[in-house]
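Peer 1: Residue numbers (the working numbering), protein chains in the order written: chain A, 1 to 212; chain B, 1001 to 1240.
Note that these hints are calculated values from the structure, not bench results. Treat the numbers as computed from the prediction; the structure is a model and nothing was measured. Backbone N, C-alpha and C define an ideal beta-carbon position, used for all residues, glycine too. Hints are not guaranteed to be accurate.
[Stated by the list, open to error] Selected chain B positions facing chain A (in silico; Cβ < 7 Å): (1) Ser-1058; (2) Ala-1153; (3) Gly-1156.
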Amino acid sequence: MMAKRSVPGLLLAFVLAGCSHPPPVLSLNGRTCDRSPNLAKAAPLAAPGSSDVSQTVEFQATGACLDTESGPALYAAFALPAATQPYILEVKARDQQAQLAGGDGYSLPAPHLTLLDAAGKPVRELRAPDFIYRGNGASVLVRLHAEERFVLIASDPTLVGQKQSRITESMDYHFARLATWTTGNENQNDYVFSHAGTVVVKLSTVGEAPKS
Amino acid sequence: MASRIARLIPPVLLAGALAGCSGIKEVPYDHGGSAPVKTIGLLPPAMSTKRPAVVLASTVGNSFGLVGALVNGAMRSAREDRMEALFTAQHYDVNAEFENDLQATLEAHGYKVVRVAATRQKTDFLEQYPSAAGTEIDAYLDVADVQYGFLSAGMGSSNPYRPTIDFKCKLVRASDKSLLMQEEIAYNPLNAKDGKVTLPPDPAYAFVDDDTLNADPPKTREAFDTALRQSTDAVGNLLR
């Protein structure tokens, strides 16, 4: 009987849970993290050919973490292919809807990218100012140099928790049986940098061919 | 079915025009490359827009097929007549300001800039670049498909007009014409496209309707000038 009574409540809780978005991950305190990146476990990225090569990484609060000078950071490492021709590496931190302190908004993985040589020595570092907003997230594009054999993508503890606000304009199309119409909206969206989130890593060749 | 497709055409065309449909591949500049660029030959930007567009993206008229589109077109034309007159009265030459701002941002990033004359047949990138023989030019900056004006996403005071600018740019090495950088930049676009450098509008400038947009010409000019400078600064930042 009790179980029957609780069914509507459970359903309601289920529906509400489905409607709410996760909050940004602002702290990794209490985690035991690697002291240096484990490059032996770096996922290999294939050399791009006529089409791009991409991998999506979900940074989660319980994922691999690294002790940095600024504090613990989530991270992922990739092994880069030998540069037989100039490659472009793009790392994109995707925005996603999130429950912020002041209401609904977006969280964005705080990006910090390090390129390392075959011995694991850092040769180039790119942080937030190098990441540029493109459509639905912040990304950095770099031409890889021959000596760069690993890419380390980590969250930036110095950036986590910082806020941004952006105005966006959108128009939606609506279709009904006998009519079509559009609605336009301006939105002021709040963004908070998070340790967690979705990061897309893409390798492509340098070329002038139009995108398909 | 045919009438359904006909109804779709005006909003689809509108969105395409605003979004800039070129879809080029993004190529980053390699500042630490083997042959550094010191002097840039700045070509005159190729303007797709001959006068400032004033676009109300979503209107009731969009729902009424060809007649609605014609009415919308007439209203848009009237708005653009006013804005063109405002820019003229303010002595605001978008082409000249664009070139000046590009030169300023390149110089701020340490490049020497040489203005290069070029005749454009199209609004796209140049197909052939001038010979750099006998000059100090290391690379040409080609800015094309420039669309600009003011945009409101829809009706009502919650959808104010704000400046919008959209263009693509590329840096081409003068000696062998190799591609050094290629990007698209969109300031306050409608439905931001993945891949394009997307700049949000400055919240300080919002005009609730067409009358407000024309009520204080110096402020309207300042709003657009700020947007233009932020857009050209983005080009400089891509060449850091």
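Peer 1: Under 7 Å is the threshold here; is the Cβ of Ala-1153 of chain B close enough to any Cβ of chain A for the hint to stand?
Peer 2: Holds. Min distance 3 Å.
Peer 1: Under 7 Å, Cβ to Cβ, is where Gly-1156 of chain B needs to be relative to chain A, so tell me if that hint holds or is violated.
Peer 2: At 9 Å from the nearest chain A Cβ, Gly-1156 of chain B fails the 7 Å test, so the hint is violated.
Peer 1: A closest beta-carbon separation below 7 Å is what the hint needs, so does Ser-1058 of chain B meet it against chain A?
Peer 2: The hint holds - Ser-1058 of chain B has a Cβ within 7 Å of chain A, the shortest such distance being about 3 Å.
In the structure shown, a violation is registered for the earlier hint numbered 3 alone.
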